[in-house]
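Trainee: Place chain B on chain A using the hints.
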Amino acid sequence: DAKTTQPTSMDCAEGRAANLPCNHSTISGNEYVYWYRQIHSQGPQYIIHGLKNNETNEMASLIITEDRKSSTLILPHATLRDTAVYYCIVRGPNAGGTSYGKLTFGQGTILTVHP
Amino acid sequence: DTAVSQTPKYLVTQMGNDKSIKCEQNLGHDTMYWYKQDSKKFLKIMFSYNNKELIINETVPNRFSPKSPDKAHLNLHINSLELGDSAVYFCASSQTPDRAYNEQFFGPGTRLTVL
Chain A
-17 DAKTTQPTSM DCAEGRAANL PCNHSTISGN EYVYWYRQIH SQGPQYIIHG LKNNETNEMA
43 SLIITEDRKS STLILPHATL RDTAVYYCIV RGPNAGGTSY GKLTFGQGTI LTVHP
Chain B
7 DTAVSQTPKY LVTQMGNDKS IKCEQNLGHD TMYWYKQDSK KFLKIMFSYN NKELIINETV
67 PNRFSPKSPD KAHLNLHINS LELGDSAVYF CASSQTPDRA YNEQFFGPGT RLTVL
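Going down the list, the protein sequences come from chains A and B. Going by this note's numbering, the first residue of the first sequence is number -17, and it counts up by one from there. Going by this note's numbering, the first residue of the second sequence is number 7, and it counts up by one from there.
Next comes chain A alone, as it looks inside the complex:
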């Protein structure tokens, strides 16, 4: 799986958009970009995923650059409850064997939303 690089921490004002970047310059053509988040003392929560096109759901938007080497997760109107660690994960199709289904979490970005 391609390695990802994220800023260690970011701040955002409540009600403003939070834009969380992720670099994955070694991504392969068949690898997906996933975003999960972990609110303090809870289990990780799936947010969104994409392959090439931009994606939007009720939680967030995912913008993937044309060369797919980076992406941005956008929380359009951040709230205090969005304070969490956000993980960008790149995963490809099943390579079989021991990689089957595995999510590899990095350090993530600590997003703090201020009142």
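Any given hint could turn out to be false.
SDA-like cross-link-like pairs, simulated, lysine to any residue; straight-line CA separation at most 25 Å [to be verified]:
#	chain 1	residue 1	chain 2	residue 2
1	B	Lys50	A	Val67
2	B	Lys28	B	Glu109
3	B	Lys50	A	Ser23
4	B	Lys15	B	Lys42
5	B	Lys46	A	Thr(-13)
6	B	Lys47	A	Leu62
7	B	Lys50	A	His31
8	B	Lys42	A	Pro58
9	B	Lys50	A	Asp49
Source of the hints: derived by calculation from the structure; they are not laboratory data.
Mentor: Structure of chain B alone, referenced to chain A:
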């Protein structure tokens, strides 16, 4: 309704003891996972079962033995507990282990403290 549940939520025990953590999912998923999050907050996969069969077994000491009596349950038994086993253990499930699309649902975690 709870999707992925774990018991107990907290577990405090002495070195050398044997303990079990239980996980149940009511999502009808085929695949279940155990992850470990250490004191530095790194989240790493330990095991994965698909339809009661072991498909991922990371480099985990033999003292850790997962058991899946049916698709809805994945338990983790730990023998001869050591101080380094102190961590938060998360159970997760997904509809399929297929790496092309794999939204994983995580439980609330079990905080294990070995004294």
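Trainee: Between Lys15(B) and Lys42(B), does the CA-CA distance stay at or below 25 Å?
Mentor: The hint holds at about 14 Å.
Trainee: Next pair to validate is Lys28(B) with Glu109(B); report whether the Cα-Cα distance is within 25 Å.
Mentor: Roughly 21 Å between the alpha carbons, so the hint for Lys28(B) and Glu109(B) holds.
Trainee: Has the given pair, Lys50(B) with Asp49(A), been kept, meaning a C-alpha gap of at most 25 Å?
Mentor: 29 Å, violated
Trainee: Is it true that the CA of Lys42(B) sits at most 25 Å from the CA of Pro58(A)?
Mentor: 31 Å, violated
Trainee: Hinted pair, alpha-carbon criterion (25 Å max): Lys46(B), Thr(-13)(A). Please report holds or violated.
Mentor: Roughly 18 Å separates the two Cα atoms, so the pair holds.
Trainee: Straight-line Cα separation of Lys50(B) and His31(A) no greater than 25 Å?
Mentor: It holds: about 20 Å lies between the C-alpha atoms, which stays within 25 Å.
Trainee: Tell me if the straight-line CA distance from Lys47(B) to Leu62(A) falls inside 25 Å.
Mentor: 21 Å, holds
Trainee: For Lys50(B) and Val67(A), compute the direct alpha-carbon distance and say whether it is at most 25 Å.
Mentor: 15 Å, holds
Trainee: Starting from Lys50(B), check that the Cα of Ser23(A) is at most 25 Å away, please.
Mentor: 16 Å, holds
Checked against the numbered hints listed earlier, the structure breaks hints 8 and 9; every other hint is satisfied.
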